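Asks: Okay, here's what each chain looks like letter by letter:
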Amino acid sequence: MRLGEIVTAGVLALLSIYLMYEASKNGVGYTVGKGPQGGFWPFWLGMGMLISTGFITLNWVRRVSPPSRSEEPVLDAFGIRTLILVGGGIIGFVALIDIVSMYGAVALFMLYYLKLLGRHSWTVTLPMVLVFPLALFFFFEGVMQITMPSGMSFTDPVYNVLYNIIY
Amino acid sequence: MEILSLLGDGMLVALQPLNLMLILIGVSLGLFIGAMPGLGSVNGVAILLPITFLVPPGSAIIFLAAIYYGAMYGGAISSITLGIPGASTAVATTFDGRPLAMKGMARLALVAAAVGSFVGGTVSNVLFSFLAPLLATVALSFGPPEIFALMLLAFATFVGLGGDDIPKTVFSICFGLVLATVGFDQISGAPRLILFDMTGFLGGISFLVLAIGVYGIGEMLWTIESTRGEITKSEADISVKGIIEDTGTSVKKGWKGMSIGSFLGFFVGILPAAGATPASLMSYAVTKMVSKNPEQFGQGHVGGVAAPEAGNNSASTGSMLPMLTLGIPGSPTTAILLGGMVIWGLTPGPRLFVEQSDFVWGLIGSFYISNFFALLVNLTFIPLFIWMLRMPFTILAPLIFVLSIVGGYAAMQDMFDIWLLLAFGFGAFFLRKFDYPLAPAVLAIVLGPIAEPTLRQSLLLSSGDPSIFFTRPIAAPIMLVAIILLLLPALKFLRRGKSSGAA
Numbered sequence: 133m134r135l136g137e138i139v140t141a142g143v144l145a146l147l148s149i150y151l152m153y154e155a156s157k158n159g160v161g162y163t164v165g166k167g168p169q170g171g172f173w174p175f176w177l178g179m180g181m182l183i184s185t186g187f188i189t190l191n192w193v194r195r196v197s198p199p200s201r202s203e204e205p206v207l208d209a210f211g212i213r214t215l216i217l218v219g220g221g222i223i224g225f226v227a228l229i230d231i232v233s234m235y236g237a238v239a240l241f242m243l244y245y246l247k248l249l250g251r252h253s254w255t256v257t258l259p260m261v262l263v264f265p266l267a268l269f270f271f272f273e274g275v276m277q278i279t280m281p282s283g284m285s286f287t288d289p290v291y292n293v294l295y296n297i298i299y
Numbered sequence: 386m387e388i389l390s391l392l393g394d395g396m397l398v399a400l401q402p403l404n405l406m407l408i409l410i411g412v413s414l415g416l417f418i419g420a421m422p423g424l425g426s427v428n429g430v431a432i433l434l435p436i437t438f439l440v441p442p443g444s445a446i447i448f449l450a451a452i453y454y455g456a457m458y459g460g461a462i463s464s465i466t467l468g469i470p471g472a473s474t475a476v477a478t479t480f481d482g483r484p485l486a487m488k489g490m491a492r493l494a495l496v497a498a499a500v501g502s503f504v505g506g507t508v509s510n511v512l513f514s515f516l517a518p519l520l521a522t523v524a525l526s527f528g529p530p531e532i533f534a535l536m537l538l539a540f541a542t543f544v545g546l547g548g549d550d551i552p553k554t555v556f557s558i559c560f561g562l563v564l565a566t567v568g569f570d571q572i573s574g575a576p577r578l579i580l581f582d583m584t585g586f587l588g589g590i591s592f593l594v595l596a597i598g599v600y601g602i603g604e605m606l607w608t609i610e611s612t613r614g615e616i617t618k619s620e621a622d623i624s625v626k627g628i629i630e631d632t633g634t635s636v637k638k639g640w641k642g643m644s645i646g647s648f649l650g651f652f653v654g655i656l657p658a659a660g661a662t663p664a665s666l667m668s669y670a671v672t673k674m675v676s677k678n679p680e681q682f683g684q685g686h687v688g689g690v691a692a693p694e695a696g697n698n699s700a701s702t703g704s705m706l707p708m709l710t711l712g713i714p715g716s717p718t719t720a721i722l723l724g725g726m727v728i729w730g731l732t733p734g735p736r737l738f739v740e741q742s743d744f745v746w747g748l749i750g751s752f753y754i755s756n757f758f759a760l761l762v763n764l765t766f767i768p769l770f771i772w773m774l775r776m777p778f779t780i781l782a783p784l785i786f787v788l789s790i791v792g793g794y795a796a797m798q799d800m801f802d803i804w805l806l807l808a809f810g811f812g813a814f815f816l817r818k819f820d821y822p823l824a825p826a827v828l829a830i831v832l833g834p835i836a837e838p839t840l841r842q843s844l845l846l847s848s849g850d851p852s853i854f855f856t857r858p859i860a861a862p863i864m865l866v867a868i869i870l871l872l873l874p875a876l877k878f879l880r881r882g883k884s885s886g887a888a
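Protein chains in written order, with this note's numbering: chain A, 133 to 299; chain B, 386 to 888.
Pulled out of the complex, with its shape left as it was, chain A reads as follows (with noise of 0.2 Å):
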């Protein structure tokens, strides 16, 4: 934890100048009788990123805080593997949106979530994986009258159907 500190620290002043870098190509004076240019505001509070990064840095010379003090690993074996399962299912969940449609990329997520990672029965999976996203789809498109990706043209024989139920 403690080198991941002054990664984090270091990684963090990184983007406050990048920030401050984009903040200047809109100006950072302050025209006298007018008051600022547009990029004054953020260019400024990017300089104040960068210099918290600084006190934080300076905490963790002195370890002050929790993690400049703790030896601990940032991510163990479960940690790791929390990250590339679950986070990788909801990266893999959003990848297929425009390609299956929002709710059949709902439907695969639940059945790898509940299926693969929490070996649920099919008892359990199945109606989730098949209610859920329907549930999902007249709420949204019926109800609210709001329309999510539809995927590539295969699921239009599907996408038919539901239209023809709530129009």
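Hints were generated in silico from the structure; no laboratory data involved.
Model, not experiment: these values are computed from the prediction.
From the three backbone atoms N, C-alpha and C, an ideal C-beta is built for every residue, glycine too.
Errors might be hidden in some of the hints.
[To be verified] Residues from chain B shown here face chain A by an in silico Cβ test under 8 Å; the list is partial:
1. Leu-434
2. Phe-556
3. Cys-559
4. Ser-573
5. Arg-577
6. Leu-606
7. Val-787
8. Ile-790
9. Met-800
10. Asp-820
11. Glu-837
12. Arg-841
13. Gly-849
[Claimed, not checked] EDC-like, lysine to aspartate or glutamate: derived pairs with alpha carbons at most 16 Å apart:
14. Lys-818(B) with Glu-203(A)
15. Lys-818(B) with Asp-208(A)
16. Lys-157(A) with Asp-570(B)
17. Lys-818(B) with Glu-204(A)
18. Lys-157(A) with Asp-582(B)
The hints should help you fit chain B onto chain A, whose structure is shown.
Replies: Below, chain B without anything else, positioned relative to chain A:
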């Protein structure tokens, strides 16, 4: 006395069968719409606006106002049960609502939110009824310098929200404020901070993207990882007796927060540039500041739930005031209500109270009725919400992830924002591990779009002279209090540095 008579007549109008039915339907619909992450009162009011052409105009606005009320109650449900603030008005409720739910006290949190909402709504209705014309004049005297001073005061109170690590808190606030500047410069119209030249940033970064990313994805990943996946399902009790007991507990432990939220919320709500979101945030921050046990806030303090809920409900009534008395909408939802009124042939403004007094007092009377029924409906559905928490975490977690993504897309309608939401989620996971408080960043991204334009408008008004903030009679004292509050943590930080150096 005349006001009491008018109010009585108004309540009789609201209690007519058609209006009463619309109130019941409206608060119920609003409750469920507000409970869904990504959806809020503005969605419900906008979508149901056309239906109101089937009923008389007075009944129509009563129905929409009931939806507004219900949604304010409903926002707390997502915050408490799922840990995802569904709307900006419910962000502060997450701070203590979710920890209470994780301790198996979700019912107490939901009851505290409902009772706080009811108290806030009632106090604001009374203030509205008796002080509307006077408060309209006060609201008019708040210009950009006063609004900026108020925002600075809000930020000053938030610094205290970050806990002991002041540099990380300041970083978080500054980061949130910078994120709020992405997109287009409101004054000049020029693109600004289009990071890595990605055109998706042209639309700016919505608070919902950050909030859902932080709380829906990041917090959940952190919970799963830190508890080693061994989260046992909540065995929260579902009983009427329990709800009644919790009502008593909420009042006993949360009365201070309810009082602060009710009055502060209403006052902030009547300001056209402010609204329910800053009202709820400030109510939380001030309640924490004056509490005897501020260290308990953020860990599951009842006052931390009651205060923002009282604040946002009070402010939602307050935001109707500039709409009705001045024709200036106080929030996006009241802007739609204003549009509806114009379509129905009602002209908001000072003459409305005189020329359409039946309509105005019928509406005000309906606020009391809506508030009461919203409390009843909310308390009735609490067992259903608690039942959700009894699900195994391996079922609840994917539901939360799915609702985060689906709710986020419903609000933003752009896959770029969903990827950004994920990025914030993973970033929040790592920052959480290093004790970076993220609540201040979420608050800052909400208030930033109000703070920066008002700062620049003030400086334009004064031809660049910053003393405008210290020479106006309302702005000056607010600025001084804000600066003192901002300097206090810095002094504490320096004092701690000296004592650890001496040790």
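Asks: For each hint, tell me whether it holds in the structure or not.
Replies: Hints and how they fare:
no. : hint                       : result
1   : Leu-434                    : 12 Å, violated
2   : Phe-556                    : 4 Å, holds
3   : Cys-559                    : 4 Å, holds
4   : Ser-573                    : 5 Å, holds
5   : Arg-577                    : 5 Å, holds
6   : Leu-606                    : 6 Å, holds
7   : Val-787                    : 5 Å, holds
8   : Ile-790                    : 6 Å, holds
9   : Met-800                    : 7 Å, holds
10  : Asp-820                    : 6 Å, holds
11  : Glu-837                    : 5 Å, holds
12  : Arg-841                    : 6 Å, holds
13  : Gly-849                    : 5 Å, holds
14  : Lys-818(B) with Glu-203(A) : 13 Å, holds
15  : Lys-818(B) with Asp-208(A) : 12 Å, holds
16  : Lys-157(A) with Asp-570(B) : 12 Å, holds
17  : Lys-818(B) with Glu-204(A) : 12 Å, holds
18  : Lys-157(A) with Asp-582(B) : 12 Å, holds
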